[in-house]
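2 protein chains.
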Amino acid sequence: MKKYIGVDIGGMSIKIGLVNEEGNLLAKTVVKTESDAESVIKTLGESLVRFLKENGLTEKDIEGVGIGCPGAITGATGVVEYSNNLGWKNVRLVDGLKKYLDAQYKISNDANVAALGEVIFGAAKGYSDVVMFTLGTGVGGGIIIDKKLYEGNESKGAELGHAVLVLGGEECTCGRKGCIEAYCSASALIRDTKRAMLADTESKMWEYANNDINNVNGRTAFAMARENDESAMKVVENYVMYLSESIMNYCNIFRPEAFVLGGGICGEGKFLIDKVVAYCEKRHYGYQGTPAVKIITATLGNDAGIIGAAALLV
Amino acid sequence: MKKYIGVDIGGMSIKIGLVNEEGNLLAKTVVKTESDAESVIKTLGESLVRFLKENGLTEKDIEGVGIGCPGAITGATGVVEYSNNLGWKNVRLVDGLKKYLDAQYKISNDANVAALGEVIFGAAKGYSDVVMFTLGTGVGGGIIIDKKLYEGNESKGAELGHAVLVLGGEECTCGRKGCIEAYCSASALIRDTKRAMLADTESKMWEYANNDINNVNGRTAFAMARENDESAMKVVENYVMYLSESIMNYCNIFRPEAFVLGGGICGEGKFLIDKVVAYCEKRHYGYQGTPAVKIITATLGNDAGIIGAAALLV
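From first to last, the protein sequence lines are chains Y and F. Under our numbering, read the first sequence as residues 154 to 467, first letter to last. Under our numbering, read the second sequence as residues 154 to 467, first letter to last.
Derived by calculation from the structure, the hints in this document are not laboratory data. No experiment lies behind these values; they were computed from the predicted model shown. Certain hints may be false.
Copies of one chain are not kept apart here, so a pair can be met inside one copy or by any two copies together.
[Unchecked claim] Listed next, the in silico DSS-like pairs over lysine-lysine satisfying Cα-Cα at most 30 Å (straight line): (1) 156 x 185; (2) 428 x 252; (3) 242 x 447; (4) 213 x 278; (5) 242 x 435; (6) 156 x 300; (7) 428 x 330; (8) 447 x 357; (9) 301 x 423; (10) 301 x 278; (11) 300 x 447; (12) 347 x 330; (13) 447 x 301; (14) 168 x 423; (15) 242 x 168; (16) 347 x 155; (17) 428 x 387; (18) 185 x 242; (19) 330 x 435; (20) 252 x 387; (21) 195 x 168; (22) 300 x 278; (23) 330 x 251; (24) 300 x 195; (25) 251 x 428.
My request is simple: use the sequences and hints to build the entire structure.
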């Protein structure tokens, strides 16, 4: 059975895993993310060599190394041009790693990798055309067409969070106003939760946050909406509306077979997803014959980054 | 040199053309569009047979027949499920035509066909990944990935005009509010022109429309903006903003090499396009390294429908 190495680079740690062609994680190691790119390359390079050895393998036993990394990456050159998360600019990551381990490398943005992983090994297995949102601090996007990643020119496409949904709306981190990310990210949810609390001093959300608005996080509104707090319910209702309208946009653009939702906010589970599905079903685009899009949650969980990175080599 | 038949079905007439592999239109005929689908199939089928004969050809001399048709079409089955424009529902067009001419048939939505034609033979020749808007009564969309049409599940994707840009905005024909089509179509432009005229009884647009608001069309605001009428200039400025923000959304989603603008409104030429390019260049997404998207106008002109339909066979 074919084996792959999957690498998930994050701001705090780097996860390395051995994945087989069924998407099972056979072994895993975690190293700390160093503060500068050169140190990261050294640590990761040495860890890859050690990890293979520990598992009784050489580079000949694996199909290659897949890497998921936050930021703007050109897959063809293996260069991380810019990563806000890592503080990197123009890092020749793949060239650097090849000095340690001579293998086939494939690299892509972490949101792309998450989407590919779900199609090859996860929730969207069996589908060919899939769109995915990763709902985290920002809104990451992944486009799978014919079971392959679509990345756009110089791998700079699939910025699905940076399409305007509310013209002239909230400021987005990208410089535009009203992007999907400015309404559907955890940061946006926290902003809207705080506003609702400031407008309603009686809301149960205050108690949940120990009466300190700085304690508000992405779960605050959801937790108190489950307790029927009206202001919290309104925040959740609006969030569902923003998210569902964004999903419906991508359904009309791509008419994929499935739309996958991943990222921290999806930890809310059925409480969130059932509302999104109900909203979209009521507003199905166009005439009756348009095929419905299955809206599903990601299933790869904590190791999605490793398994998705390995999927780059499948 | 290979030869193709291209068919452009419209509400008023059906154009049939003989196209060679360089995209040149060698011969052309036009027939009236009958009022019911069965008559259209009969007329078109007989016309195809006669057209080949007139040009000294048999079905063996052509690669096939490509058809562009308004509405919701499933390419794989050759069925026009729904066409508002033609008043059709579930018309088995390809099966019907095969009874007259036994050839390879390819069929797609007219906006898709226009986009493919521009990539294979027109303004976007040489590019692989291209997105196109057809700015007519509605806003049609076409997505080309790796020089091939991306149509989505059951050919129901690429509804680029039906993504919300202004949440809760103007009513769209599709039932949602604030779609791109509700701001960038000729119908939307006419609505906004009329509103501007009603708010400014001194506008030169009144004179241009012979003081009858029913005479307003998609050219009214542009014509008087060229004459520096302030209300007309404001209508054009807003139109450019809506269109440019929509284009920028698709640049972030697809990061194509080129974005093509076609359809009647593009008859405004440089006066429109230069403004759109200037708007988008000033608001280039993200960091410096993101590759720019070339914004260009369609070049296939009046016969775009025929030539694009032929491109389905290339």
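Hint check, failures only
2, 8, 16, 20, 23, 24 and 25
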